[in-house]
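Undergrad: So the chains spell out like this:
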Amino acid sequence: MSTLLGSLIAGLAIGAPIFLVASGLVLVFSVMGVLNFAHAGFYLFGAFIFVTLGSDVAHGTTSVIGFLIAILIAGAIVACISVAAERIVFIRTYRRHDHLAGLMESFALLVLIQGVCELIWGTSALTGQAPSVLFGTVDIAGVPLSKYNLLLIIVATIAAVGLWALVFHTRFGSKIRAVSSDRGMAAALGIRVGAITTSVFVIGGLLAGIAGAIDAPTVAVDISLLNTFTISMFAAVILGGFGSILGALVASMTLGVLDSLLATYVPSLAGYGLYIAFGVAILARMYLPGFREIAIGGGGTL
Amino acid sequence: MRTSSLRRRLSGGSGDTAPPGGLAAGAGWLTGRWGLGHAGGDAIVAAVLVLANLVIVIWFGSGFIFVWLLMLPYIMAASGTNITVGWTGRLSFGHALFFAGGAYVAAKLATGHIFAGAVVIPLICGVVAAALSVPLSLIAHKRRGVYFSILTLIVAQIVYSVVQNWSYVGGGSGLANVYVQNLGPISLASTDAFAWYAVIWTIVILVVLRAVYRSPFGLSCRAVREDGLRAETLGVPTSRLFTVSLALSAFITGLAGAILAYSETTVSPTQFYWTVSGTLVVMCLLGGRFSVLGPAIGACVYIFIQDQLFQNSASAADALVGGTFLLIVLVLPGGLVSIGERIRNARAPGGSAADPDPPDVLRELLAGGKR
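Sequence lines, in order, name chains A and B.
Just so we're aligned, residue 1 is where the first sequence starts under the numbering used here, counting upward by one.
Just so we're aligned, residue 1 is where the second sequence starts under the numbering used here, counting upward by one.
Do not take every clue at face value.
Partial list, derived from the structure: chain B residues whose beta carbon lies under 10 Å from chain A [stated by the list, open to error]: (1) G63; (2) I65; (3) Y273.
According to the in silico footprint, chain B covers these stretches of chain A (three or more CB under 8 Å from chain B) [as the list claims (entries may be wrong)]: (4) 101–107; (5) 230–240; (6) 267–277.
No lab work stands behind these hints, which were simulated from the structure alone.
All residues carry an ideal CB built from backbone N, CA and C; glycine is no exception.
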């Protein structure tokens with residue numbers, strides 16, 4: 001029982017950063033119609049910036065408060081980078097109304113981000129610092145659980161609830177949904193579409209940067225992280241049905257938990273969780289017609 | 001609509017007139033200027049490659065020839081990838097599957113004795129790669145855009161992780177000692193002989209691709225890219241077209257994979273990784289995806305730049321390649337081959353240096369129909 005609970009919590013903690021990144025990607029996709037290949041690059045930027053903050057401003061990560069501030073700073077810097085990317089690169093895409101062009105431009109941006117990260121931070125793996133208070137385990141109902149995993153889950157929960165409140169219960173959120181369902185109509189009604197798009201990029205960049213920063217102390221931060229994370233991110237988005245934040249949440253957590261359960265109970269299949277989930281979803285889409293809309297490629301608005 | 005009647009309707013429009021855009025047929029910008037036909041363009045392509053090979057084999061010797069032997073398979077692979085990326089307009093991020101698949105088949109067949117192995121084995125590799133594309137087509141069905149890109153990406157990744165743990169194909173370390181078989185009495189063991197062998201394959205592939213590009217099939221591919229719904233209304237069997245074009249694309253990429261395996265003499269699972277697909281896509285976009293020779297030029301430029309940069313400044317290489325690539329995608333959507341056309345547009349009275357529109361294939365399709 002305690003193994004199962006520990007494994008579930010570990011799984012949710014794996015899914016947490018994937019959700020943070022995937023939800024931003026979904027927001028951008030539904031508002032812009034562009035799947036941002038470079039979004040994993042924002043995650044990597046967040047991780048690298050956090051590592052730099054931790055080593056250069058060493059006192060920043062000795063206290064929990066300093067640690068959280070470092071994460072927020074990393075998120076804010078990445079949000080700025082994200083807006084710069086939107087202003088320079090993606091603004092051309094929706095002038096040209098070309099789906100493929102957006103994908104190509106974002107892929108080019110990914111190659112550039114990879115090169116820039118390599119130039120600044122080199123190719124060897126780095127590790128982020130975190131206050132020692134956050135490591136170790138805490139007993140909940142007699143089961144020892146990793147504190148850092150719980151932190152990841154708490155952050156993801158805050159992000160999920162915050163996004164839900166923002167998108168479905170504020171005036172700003174209804175504008176986002178309006179732009180995502182019909183850009184031209186929204187503009188005709190007086191919504192400043194450009195401002196909405198930019199703010200969506202801010203949110204997406206912020207979430208991806210925070211995900212990278214909060215993940216940095218637990219993973220080896222190097223360029224190859226970009227490639228592996230791109231795969232998990234896309235898998236979560238495609239399994240979640242493109243353009244649904246709830247779908248992205250369910251898919252990310254499913255992927256994380258599946259990975260963790262496999263690692264615990266079927267070690268020979270560890271690391272294949274993503275592919276198994278994907279295979280099941282493809283088969284379900286082919287053979288269960290009712291599954292089609294909720295599983296893959298439904299599109300639609302948030 | 002039946003394919004045969006479609007073929008009859010389409011062939012009138014494409015056979016005797018130069019394709020629109022001039023540039024679209026690859027060396028059209030050369031042949032047009034000198035009044036040469038399609039065969040003239042093929043001859044120019046062949047002559048350039050033979051001459052380049054001659055110069056490299058005689059002149060540069062051992063230094064540059066290994067870069068050249070890397071360029072040739074990538075020329076073929078990028079040209080093959082471009083059938084999907086450029087012709088039908090579906091951005092595939094899974095072509096590493098076909099490229100590496102071909103390489104692995106070549107590696108497994110390298111030791112056995114097969115009749116005329118030097119010719120037959122690359123063809124077998126192509127066929128296997130084409131066979132691999134069929135289930136992918138079934139899953140992807142008629143989907144285009146983002147969904148197709150991500151799906152191909154993930155399927156290729158699945159194969160990557162399977163290959164990495166499959167001892168029959170060498171697992172994580174791959175296979176070594178992959179050599180091309182003799183061509184009858186001629187030994188291809190020496191580097192020079194192999195360079196000629198690879199050049200001949202490249203010429204054959206490029207000439208065939210140029211012919212296919214002008215054919216009704218190629219025209220239909222481009223029509224689907226421009227406007228899938230309109231093309232379907234005009235009688236283009238879109239679903240079958242996607243399957244066949246992906247299979248052809250995979251065939252050529254797989255064949256190129258075999259040549260790459262011979263050139264490097266080893267194969268490794270990293271060839272299946274999605275970044276390899278990314279490289280192929282970059283080559284297509286860099287050179288120009290709206291033409292046949294664009295990807296070939298893109299492959300040469302990409303490998304040359306990468307080689308030069310890594311010799312001089314290893315750490316800045318990726319950033320420079322990325323920056324250049326982003327600049328080209330933003331400023332020059334038609335790739336490097338469209339520079340000439342843009343200059344000509346700017347010089348023409350009343351012309352502007354704006355992006356040249358991709359050739360209006362649908363109009364040509366309609367014109368063929370009315371004839």
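Undergrad: Now tell me, hint by hint, if it's right for this structure.
TA: Consistency of the hints with the structure:
1. Taken as an interface hint, G63 of chain B does not check out: its beta carbon lies about 26 Å from the nearest beta carbon of chain A, beyond 10 Å.
2. Taken as an interface hint, I65 of chain B does not check out: its beta carbon lies about 28 Å from the nearest beta carbon of chain A, beyond 10 Å.
3. Here the hint on Y273 of chain B is kept, as its CB sits about 7 Å from the closest CB of chain A, short of 10 Å.
4. Only when three residues or more bring their CB closer than 8 Å to a CB of chain B does the claim for the segment 101–107 of chain A stand; here the count is 5, and the claim holds.
5. Three residues within the 8 Å Cβ limit are the bar, and the segment 230–240 of chain A against chain B gives 6, so the coverage statement holds.
6. Counting residues of the segment 267–277 of chain A whose CB lies closer than 8 Å to any CB of chain B gives 3, which reaches the minimum of 3, so the coverage claim holds.
Comparing the model with each numbered hint stated earlier shows that hints 1 and 2 do not hold.
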